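Work out the full structure: start from the sequences and follow the hints.
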Amino acid sequence: MFLPNSRDKGVNIPTHPRKLAKVLNKLDTDQDGKISINDLFLSPGLSTIISSETNISTPQELLVNYDSDSDGSITFEELKSAEEISK
Numbered sequence: 001m002f003l004p005n006s007r008d009k010g011v012n013i014p015t016h017p018r019k020l021a022k023v024l025n026k027l028d029t030d031q032d033g034k035i036s037i038n039d040l041f042l043s044p045g046l047s048t049i050i051s052s053e054t055n056i057s058t059p060q061e062l063l064v065n066y067d068s069d070s071d072g073s074i075t076f077e078e079l080k081s082a083e084e085i086s087k
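Sequential numbering from 1 applies to the sequence shown in the numbering used here.
These aren't lab readings, by the way, just hints derived from the structure by calculation.
Predicted model only: the values in this text are computed from it and were never measured.
It is possible that part of the hints are untrue.
As the list claims (entries may be wrong) - Estimated spans, in silico, between C-beta atoms of each pair: (1) Q60 - R18: 26 to 32 Å; (2) D30 - Q60: 17 to 23 Å; (3) N55 - D32: 23 to 29 Å.
Every residue gets a Cβ at the ideal spot worked out from N, C-alpha and C, and that includes glycine.
What follows is the structure in structure tokens.
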């Protein structure tokens, strides 16, 4: 399971908070509660998942699309906001 670009209509973002938390925990390799660029690069097979399920081709693009406060990481709230936008 992976989060798509929230602008893509053909791919769904998990809607249940537990599923969002599960995605966050899976990608949060250092377990600091947010997804950083380092987490994205350390997630096994992430590039393949990103390119196959979204129009995003790099971890940097993923960060740009989801990091709404531009602090260099994606939080649970940012994932939740992306899910709400995609509805």
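Hints and how they fare:
| no. | hint | verdict |
| --- | --- | --- |
| 1 | Q60 - R18: 26 to 32 Å | holds, 28 Å |
| 2 | D30 - Q60: 17 to 23 Å | holds, 18 Å |
| 3 | N55 - D32: 23 to 29 Å | holds, 28 Å |
The structure is consistent with each of the numbered hints, conforming to all of them.
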